[in-house]
Amino acid sequence: MKFELIATATFGLEAVVRREIEALGYKVLSTEDGRVTFLGDERAVVCSNLWLRTADRVYLKVADFSANTFEELFQQTKAVPWEEIIPIDGAFPVVGTSVKSELHSVPACQSIIKKAASKRLGEFYCREILEETGAEYRIRFAALKNRFILMLDTSGIGLHKRGYRVADVAAPMKETLAAALVQLSFWRKDKSLVDVCCGSGTILIEAAMIARNIAPGLGRSFAAEGWDIIPEEIWKEEKQKAYAAADYDEDLMIKGFDIDRKAIEAAKKNVDEAGLSDDIELFRMNMQKFEPNGEYGVVISNLPYGKRVGTDEGIAEIYAKLKSLISENPTWSFFLITSDKNIESALGRKADRRRKLYNGNVETQFYQYHGTKPPRKEKERSAL
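In our numbering, the protein residues as written are 1 to 384.
Keep in mind that the hints were calculated from the coordinates and are not lab data. Warning: the hint list may mix true and false statements.
Dumping the calculated PhoX-like pairs for lysine-lysine here, alpha-carbon to alpha-carbon at most 25 Å [said to hold, decoys possible]:
no., residue 1, residue 2
1, Lys-373, Lys-191
2, Lys-27, Lys-269
3, Lys-189, Lys-268
4, Lys-356, Lys-321
5, Lys-161, Lys-115
6, Lys-323, Lys-356
Taking the hints into account, I'd like the entire structure generated from these sequences.
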């Protein structure tokens with residue numbers, strides 16, 4: 001059975017999510033703010049949940065219509081063949097958002113959609129009362145102006161919940177954003193990677209998982225695992241394939257520093273929980289002492305900034321060190337995320353590229369300082 005699936009994304013990461021979906025072999029139908037719609041079958045539901053590193057959730061799209069009144073919303077929702085997906089005992093709570101819509105009351109929309117879906121299912125199953133004791137088929141509606149999209153949540157808890165983060169620090173970064181920063185840096189596993197303000201280690205762990213080709217969803221469960229429309233055998237097969245796809249052959253050069261003892265302790269616990277203790281080195285150290293090791297490498301850091309953590313004096317010292325590192329190490333690349341709009345002035349040069357991203361609800365910029373590329377290897381040159 002073919003479905004329209006929707007992978008939601010933090011603003012600014014839609015293109016990254018799209019690349020991941022296409023890399024899995026699925027056809028992208030559209031890309032809009034906060035969502036990428038693609039075509040797939042039951043196996044696509046499984047694979048996208050297991051493998052998408054930067055998406056927030058994966059939804060199954062069930063309807064897309066316009067409604068100007070609550071009566072129209074009721075009738076359009078009731079027309080959806082819910083019985084094709086939701087079984088007689090399925091639980092179907094309703095959540096959603098309404099932006100610039102005439103039907104602006106979210107609770108009212110929830111009530112109408114719940115009532116309409118219940119009416120349809122009750123008539124089909126010949127039940128006045130639906131028990132809702134089985135698997136969860138959470139209905140999410142997204143209303144923009146008078147356009148309503150109805151979806152079923154296949155993921156359950158957000159995809160950033162990998163399962164390895166057992167210890168946190170102040171203002172932790174979501175795993176999905178950390179994975180996106182690594183992908184946007186174009187870091188390759190044959191290069192050194194360093195996070196000079198590593199906090200609880202999320203960027204480092206996501207980098208190691210990418211390098212090892214470890215599926216981010218292997219350590220957790222998903223709402224759709226209990227759905228009748230997806231055979232249990234598909235989940236088993238795809239998880240077995242994911243386990244077999246992991247690559248532990250090459251040595252990695254991934255290091256993290258932080259001046260905060262508690263941060264390093266948290267990072268070590270998380271790295272150990274992720275099973276990556278052999279791949280990531282962690283040190284409690286003032287980043288002022290950091291000196292790049294090796295001719296080529298990448299620094300990716302979520303810098304402390306006033307709205308989150310840090311002091312003006314401490315941040316100024318970090319900027320001074322980064323300024324000297326960038327100028328003295330032209331073959332290294334630096335990728336820095338912060339909400340501080342004065343960082344380019346503090347570092348003494350404009351970034352080669354900037355990208356607006358949101359870290360939680362904080363608007364940030366991802367400043368990219370590109371080092372010189374290593375010369376092509378002989379085999380690569382001969383292939384041209």
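Here's how the hints hold up against the structure:
1. A hinted pair counts as satisfied when its Cα atoms are at most 25 Å apart, and Lys-373 with Lys-191 qualifies at roughly 11 Å.
2. Taken as a hint, the Lys-27 and Lys-269 pair is broken in the structure, with Cα atoms around 39 Å apart against an allowance of 25 Å.
3. Taking the CA atoms of Lys-189 and Lys-268, the gap is near 21 Å; set against the 25 Å cutoff, the hint holds.
4. About 24 Å separates the Cα atoms of Lys-356 and Lys-321, which keeps this hinted pair within 25 Å; it holds.
5. Note on Lys-161 and Lys-115: the hinted pairing is violated, with a Cα-Cα distance of about 32 Å set against a maximum of 25 Å.
6. A hinted pair counts as satisfied when its Cα atoms are at most 25 Å apart, and Lys-323 with Lys-356 qualifies at roughly 22 Å.
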